[in-house]
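Novice: Residue numbers (this note's numbering), protein chains in the order written: chain Z, 1 to 223; chain V, 1 to 223.
Certain hints may be false.
Pairs count within a copy or across copies, as identical chains cannot be separated in the list.
Said to hold, decoys possible - Below 20 Å or equal to it, Euclidean Cα-Cα: the simulated DMTMM-like pairs (lysine to aspartate or glutamate) are: (1) Lys63 <-> Glu38; (2) Lys149 <-> Asp205; (3) Lys63 <-> Glu44; (4) Lys201 <-> Asp165; (5) Lys61 <-> Glu47.
The set of hints was computed from the structure by calculation and includes no laboratory data.
Protein chains: 2
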Amino acid sequence: MNAEKDAGHSRKPRADGLASRHAILDAACKLATTHGLEGLSIGELAEHIGMSKSGLYAHFKSKEELQLATIEAAIAIFNADVLEPAQKSRPGLARVNALVEAFLGHLLRRVFPAGCFFATVAAQLAARPGRPRDKIVGVQQSWAGEFAKALEQAREAGEIAASVDRAQLVFEIMAMLFLVNFEWIVTQEPGVLDKARAGVKRLLDEASAGRSKARRERPLQTH
Amino acid sequence: MNAEKDAGHSRKPRADGLASRHAILDAACKLATTHGLEGLSIGELAEHIGMSKSGLYAHFKSKEELQLATIEAAIAIFNADVLEPAQKSRPGLARVNALVEAFLGHLLRRVFPAGCFFATVAAQLAARPGRPRDKIVGVQQSWAGEFAKALEQAREAGEIAASVDRAQLVFEIMAMLFLVNFEWIVTQEPGVLDKARAGVKRLLDEASAGRSKARRERPLQTH
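Kindly produce the complete structure, drawing on both the sequences and the hints.
Specialist: Here you go:
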């Protein structure tokens, strides 16, 4: 969190400068889930946090730099709140469920005021090529990668059959989490989260049923 | 593009004024899929279509009025391009498939320059209460209603079992279409649309398998 070393001037950052950058990015992350990352102009953000525009410019040279730093800050929050707790689960299907539950908990706890930062920002930036979009696409791919890894572990552990199309399964799990995030934002009704839970459970039950079938086909295999 | 004829006074709208309104809204719909509906300020839109701000103000008294009229225009396009063709299909599961294919075709034909108008705008407005959001939520509910109706027909025709949770099925179908829209916008790769196709096929196959099971349980029923 001391990237402002490079911000506009060559002075060594002081402790209050660091805190200030942290406070700016925290506000920016939250504002982005309601106003969008594109709505995050330096002027509006400065007004929102009661800072001067020139004060903000000292930290971020351009709207794009601010957007990229905001995405970085949101990644750190998401990692600490969703990915790290989920990594404590058993690899395989338990990990898939832990990722799903950590994500739904993240929504329910309103870590960002309006649902998942990345879903909102990805939907908004999808049609706007550039560095912020590339970064968000990278986050989505890495989130998909977590599910792919857990499903690969599940296959290795014999929890699901090798014949299960894991890339398709990742798509379907992510689809449910993606839609439920927006239903949650609109309704603020915790019950809607059960739709994603039920959907993922059915997907995993089906993938496991595939395993039972595969096991029946290979009755002599004992490991 | 000569709407400023009516700027700032109360003359009755003439045919060229109406045509101009149509042209404005057509541009506004398209711009909204890339820049978002929130990004649709009267100033930016005026600049985009080469009109004066006062000319635009003659048509729309406020940004909100412009947003609501833009949503109405997008509804008319979506209805003509997706809903009406799909209504020609046989009621029931064939209708579900026709709705899905009409939607995927709508993306592929790039009717809007960046995917589904409603998915983008819904994602953007979810956290911003107001009349535009309410209107978009209404469109989403009516889109869900089309699937619910087709699945109800499928149940009546015995294509799926009465025990199938149709509300959950609607959620899962919509989830796949919602995510695939954004993957399509980012990748512009027609192959990604197959993920939604494969997902929906699996869902419907499973719902039909439920029916076979239900039929086996009621072997004497012949209708």
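Novice: Each hint should be assessed against the structure and marked as holding or not.
Specialist: Here is what the structure says about each hint:
1. Lys63 <-> Glu38: both (9 Å within a copy, 17 Å between copies)
2. Lys149 <-> Asp205: Within one copy, since 18 Å is at most 20 Å while 27 Å is not.
3. Lys63 <-> Glu44: both (11 Å within a copy, 18 Å between copies)
4. Lys201 <-> Asp165: Intra 16 Å, inter 14 Å, cutoff 20 Å: intra and inter.
5. Lys61 <-> Glu47: Intra 17 Å, inter 26 Å, cutoff 20 Å: intra-copy only.
The structure meets every hint from the earlier list without exception.
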